[in-house]
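K.L.:
Here's the letter readout for the chains.
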Amino acid sequence: MPVSRRGFLRLVGTSEGPAQTAMSGAFLAARGLEAHLAEAQAQGQRARPLLPPGVDEIRISSNENPLGPGKTALDAILGKFPEAGRYPFNSTPADADLVAALAGKYKVKPENIVLGAGSQEILKSAMRAFVSPTRSLVTALPTFENCTGFANKYKLPLTEVKVDSAMRLDVDGMIAAASKGGAGLVFFNNPNNPTATVHGATTVADMVERIRKASPDTVILIDEAYHDYVTDPSYQTAVPLALSIPNVFVARTFSKAYGMAGMRIGYAIGMADTLKPLATLKMPYNVSVFGAAAAIASLGDPQHIDDERARNTDVRAFTVKALQDMGTRPADSQGNFVFVDIGRPAKEFREACAKQGVMVGRDFPPFEKTHCRISIGTMDEMKKATEVFRSVLKATTTTASAGKDGR
Amino acid sequence: MLTRRTFVQTVGVGAAAAYIGARGRENAIWSAFEPTLEAVEPGVICLSSNENPLGPGPQVLDAVKTAFGPTGALPGRYSGSARDLIDAIAKKQGVKPENVVLGCGSTQILRSATHLFTAKDKALVGTIPTYEECAGYAEMMGHPVRPVALDSNFKIDLDKFADAAKGAGLVFYCNPNNPTATYVGARATREFLQKVTRESPDTYVLVDEAYFDYVTDPDHDTHIPIAVDNPHVIVARTFSKAYGMAGLRIGYAIGHVDTIKKMAEWDAGSGTSSLNVLAMRAGIAAIQRDAAEIAAERARNKDVRDFTMKWFADRGMTPTDSQANFMFVNIGRPAKDFREACAKQGVKVARDFPPFEKTHCRISYGTMDEMKKAVTVFGDVLAKKATAA
Numbered sequence: 001m002p003v004s005r006r007g008f009l010r011l012v013g014t015s016e017g018p019a020q021t022a023m024s025g026a027f028l029a030a031r032g033l034e035a036h037l038a039e040a041q042a043q044g045q046r047a048r049p050l051l052p053p054g055v056d057e058i059r060i061s062s063n064e065n066p067l068g069p070g071k072t073a074l075d076a077i078l079g080k081f082p083e084a085g086r087y088p089f090n091s092t093p094a095d096a097d098l099v100a101a102l103a104g105k106y107k108v109k110p111e112n113i114v115l116g117a118g119s120q121e122i123l124k125s126a127m128r129a130f131v132s133p134t135r136s137l138v139t140a141l142p143t144f145e146n147c148t149g150f151a152n153k154y155k156l157p158l159t160e161v162k163v164d165s166a167m168r169l170d171v172d173g174m175i176a177a178a179s180k181g182g183a184g185l186v187f188f189n190n191p192n193n194p195t196a197t198v199h200g201a202t203t204v205a206d207m208v209e210r211i212r213k214a215s216p217d218t219v220i221l222i223d224e225a226y227h228d229y230v231t232d233p234s235y236q237t238a239v240p241l242a243l244s245i246p247n248v249f250v251a252r253t254f255s256k257a258y259g260m261a262g263m264r265i266g267y268a269i270g271m272a273d274t275l276k277p278l279a280t281l282k283m284p285y286n287v288s289v290f291g292a293a294a295a296i297a298s299l300g301d302p303q304h305i306d307d308e309r310a311r312n313t314d315v316r317a318f319t320v321k322a323l324q325d326m327g328t329r330p331a332d333s334q335g336n337f338v339f340v341d342i343g344r345p346a347k348e349f350r351e352a353c354a355k356q357g358v359m360v361g362r363d364f365p366p367f368e369k370t371h372c373r374i375s376i377g378t379m380d381e382m383k384k385a386t387e388v389f390r391s392v393l394k395a396t397t398t399t400a401s402a403g404k405d406g407r
Numbered sequence: 001m002l003t004r005r006t007f008v009q010t011v012g013v014g015a016a017a018a019y020i021g022a023r024g025r026e027n028a029i030w031s032a033f034e035p036t037l038e039a040v041e042p043g044v045i046c047l048s049s050n051e052n053p054l055g056p057g058p059q060v061l062d063a064v065k066t067a068f069g070p071t072g073a074l075p076g077r078y079s080g081s082a083r084d085l086i087d088a089i090a091k092k093q094g095v096k097p098e099n100v101v102l103g104c105g106s107t108q109i110l111r112s113a114t115h116l117f118t119a120k121d122k123a124l125v126g127t128i129p130t131y132e133e134c135a136g137y138a139e140m141m142g143h144p145v146r147p148v149a150l151d152s153n154f155k156i157d158l159d160k161f162a163d164a165a166k167g168a169g170l171v172f173y174c175n176p177n178n179p180t181a182t183y184v185g186a187r188a189t190r191e192f193l194q195k196v197t198r199e200s201p202d203t204y205v206l207v208d209e210a211y212f213d214y215v216t217d218p219d220h221d222t223h224i225p226i227a228v229d230n231p232h233v234i235v236a237r238t239f240s241k242a243y244g245m246a247g248l249r250i251g252y253a254i255g256h257v258d259t260i261k262k263m264a265e266w267d268a269g270s271g272t273s274s275l276n277v278l279a280m281r282a283g284i285a286a287i288q289r290d291a292a293e294i295a296a297e298r299a300r301n302k303d304v305r306d307f308t309m310k311w312f313a314d315r316g317m318t319p320t321d322s323q324a325n326f327m328f329v330n331i332g333r334p335a336k337d338f339r340e341a342c343a344k345q346g347v348k349v350a351r352d353f354p355p356f357e358k359t360h361c362r363i364s365y366g367t368m369d370e371m372k373k374a375v376t377v378f379g380d381v382l383a384k385k386a387t388a389a
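Which chain is which? The protein sequence lines are A and B, in order.
Positions 1 to 407 (our numbering) are the ones given, in order, by the first sequence.
Positions 1 to 389 (our numbering) are the ones given, in order, by the second sequence.
The hints are simulated quantities; they were obtained by calculation from the structure and are not laboratory data.
Be aware that a few hints might be false.
Stated by the list, open to error - List time: in silico EDC-like cross-link candidates among lysine to aspartate or glutamate, alpha-carbon distance up to 20 angstroms:
id	chain 1	residue 1	chain 2	residue 2
1	B	Lys-65	A	Asp-75
2	A	Lys-71	B	Asp-62
3	A	Lys-162	A	Asp-172
4	B	Lys-65	B	Asp-84
5	B	Lys-358	B	Glu-340
6	A	Lys-155	B	Glu-340
7	A	Lys-384	A	Asp-56
8	A	Lys-153	B	Asp-258
9	A	Lys-383	A	Asp-325
10	B	Lys-344	B	Glu-41
11	A	Lys-153	B	Glu-265
12	B	Lys-302	B	Asp-219
13	B	Lys-261	B	Asp-87
Said to hold, decoys possible - Calculated from the model, a selection of chain A residues having no Cβ within reach of chain B, i.e. all distances over 12 angstroms:
id	residue
14	Glu-160
15	Ala-166
16	Thr-231
17	Pro-233
18	Met-260
19	Ala-317
20	Lys-321
21	Lys-394
Cβ atoms here follow ideal geometry from the backbone N, Cα and C, with glycine treated the same way.
Work out the full structure, taking the sequences as your base and the hints as a guide.
P.N.:
What follows is the structure, given as structure tokens:
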């Protein structure tokens, strides 16, 4: 049997033979959510009345870095203009050089890294590889919805464990769900989008150990998209766990602190055996010549990321204080966004802010009646945005939240 | 680490094995197992990947710069450009936006189609050799692959192909065919598509027109109008060839609304989440380029093609009838020997294409200047006695 066939059997998680009809469910894909939403938003903008003269849109809806990738990365892209016509395996640097640069950063081998067209491809491949009609997804509620959406769309078994009262992932609940047997994949987003809360290194290590003990075949995906924005000293990356423990891997992205959401570059890191199904499913040359060059340049400029973390921390502190001052209650934020109890439906708030050019996050059930996710823009943007929030929150609300006024 | 060679040895022999062995560096599975593929050294003449040596041209690169935004912040945003690109493609091709789906290169299109339209009991049918993506992906999923030999002129044998299509899930119809560069005329292709639909109504045909813009055969036409009407015909296109944008990763499919909807749903609105914003902006600029510019690129390629084919023909090595930006030529020795000898002199030619790897080599056309240099290397290498094949 060819190796890829064996890989395929592993992928669909069955001993009955390849390509049974059930596999189509396991293989089906989820939409790249943020990108899809951005597109929907762009289409909505065409229909939306223009803002008053002098009012620029402030987009704090998608947890993007408002400053973009920075000069080093942009220069790297400009430097690759002569190679736009070359495939990413022929350019200098090539996509394999990005893998090598990441391997160098983490002091691992290239086979410990799998590139994705954004981490969405990694998540999608993980769903295709590890979740099937007989192997469920264990995830949080609310959390980043890519995996959940995939499971719902293709009717795959799913357990969503609601966050605790502090909006943190319910670790014990997720361990229990993963330990019942039959869990194919645990999606653990740390910090968690949309709540922005984080769990410390000890908690994560303990969780991994307990799940491994109860259900060694369950794969644990720790999505650290917002890693670079964390300031909580108890937090540490789970990459060392992923490199030493089978069936654990970490997803990372260049879309957040690295400021390259538009470039579509993410990666998985873990033991080679754990990643092999993802490597097999990986789209060929999924990272562009420009993306590879920009990412490599960024990896060579760690100061830029430190500066971005410091900038975000300042603006986040300002935003959190402003929100508290106006009587709303933000959860502890360790990302470039805050999840805040505004005491009224997110939809009303969002639409009222949009009329003044401030775009905030979508609904996140089950908290859509009370909470809104607000991404952290630049300080200038957040000064303007918090003024808009203040004016919107002062306005009389509709009956849905009338009882909560005056808090 | 698993290498290509050990993989092929594991697979064993037979037609399917030859098909698998034909996979090259442009294939997913190899990129997964060979993460250390080497980039082309500066100064090397790269004739291995059927790229446009001139790239996308200034308007397209200007569009990339514009996509940075006034402060360089825009690449930090998730892009909403996919719909604009779809609209631009639809306008250019005279179809509705609902007839278009984007891919991260046409590779993603080929994978989506293979995934959706083949199954354990619905084979993938392809010529041998052809571009390997569909067969490679079908094999990875455990779906059968039915290879069909080319005719003596290295062209698609339409009768055999139509026979093999009966009961199949998907026919991969690469025209011009990679790696053989041969082309089946528009009329014969139309008749083939009608025949498959008539004789095997549930079978899909994916017409890969990657090299469409390089064809000079007078009986040349796109099959997009058929694809829009016939739910079982899909046309794949790419910006990686004549448009010179292989590095940006952008391709698309055109087909019947229902078929395109299936493909878009299957792979995440395809391009929307996988395509980078610079590529999408570049694609919009590229599709709006004047037809005369693409015609000029076709003419430039034809000059280089004529020069290179004549060089080989003058030395008794007859290439196939090339209608693309590459040639497939019998050099009377293993491609590997030739490739390695050329590489030592700074000219990179293509990988093996079984079952012709002992005799034939695929050579992409660079610029005229590059080809004049390259043929001196070819002359030098071919002048030496071939080692026993």
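K.L.:
Hint by hint, say whether it matches the structure.
P.N.:
To see whether the hints hold, each was checked on the structure:
| no. | hint | verdict |
| --- | --- | --- |
| 1 | B:Lys-65 - A:Asp-75 | holds, 11 angstroms |
| 2 | A:Lys-71 - B:Asp-62 | holds, 17 angstroms |
| 3 | A:Lys-162 - A:Asp-172 | holds, 11 angstroms |
| 4 | B:Lys-65 - B:Asp-84 | holds, 17 angstroms |
| 5 | B:Lys-358 - B:Glu-340 | holds, 14 angstroms |
| 6 | A:Lys-155 - B:Glu-340 | violated, 51 angstroms |
| 7 | A:Lys-384 - A:Asp-56 | holds, 10 angstroms |
| 8 | A:Lys-153 - B:Asp-258 | holds, 18 angstroms |
| 9 | A:Lys-383 - A:Asp-325 | holds, 13 angstroms |
| 10 | B:Lys-344 - B:Glu-41 | holds, 12 angstroms |
| 11 | A:Lys-153 - B:Glu-265 | holds, 10 angstroms |
| 12 | B:Lys-302 - B:Asp-219 | holds, 16 angstroms |
| 13 | B:Lys-261 - B:Asp-87 | holds, 16 angstroms |
| 14 | Glu-160 | holds, 21 angstroms |
| 15 | Ala-166 | holds, 29 angstroms |
| 16 | Thr-231 | holds, 21 angstroms |
| 17 | Pro-233 | holds, 28 angstroms |
| 18 | Met-260 | violated, 6 angstroms |
| 19 | Ala-317 | holds, 21 angstroms |
| 20 | Lys-321 | holds, 25 angstroms |
| 21 | Lys-394 | holds, 30 angstroms |
The structure fails to meet hints 6 and 18 from the earlier list, while all remaining hints are met.
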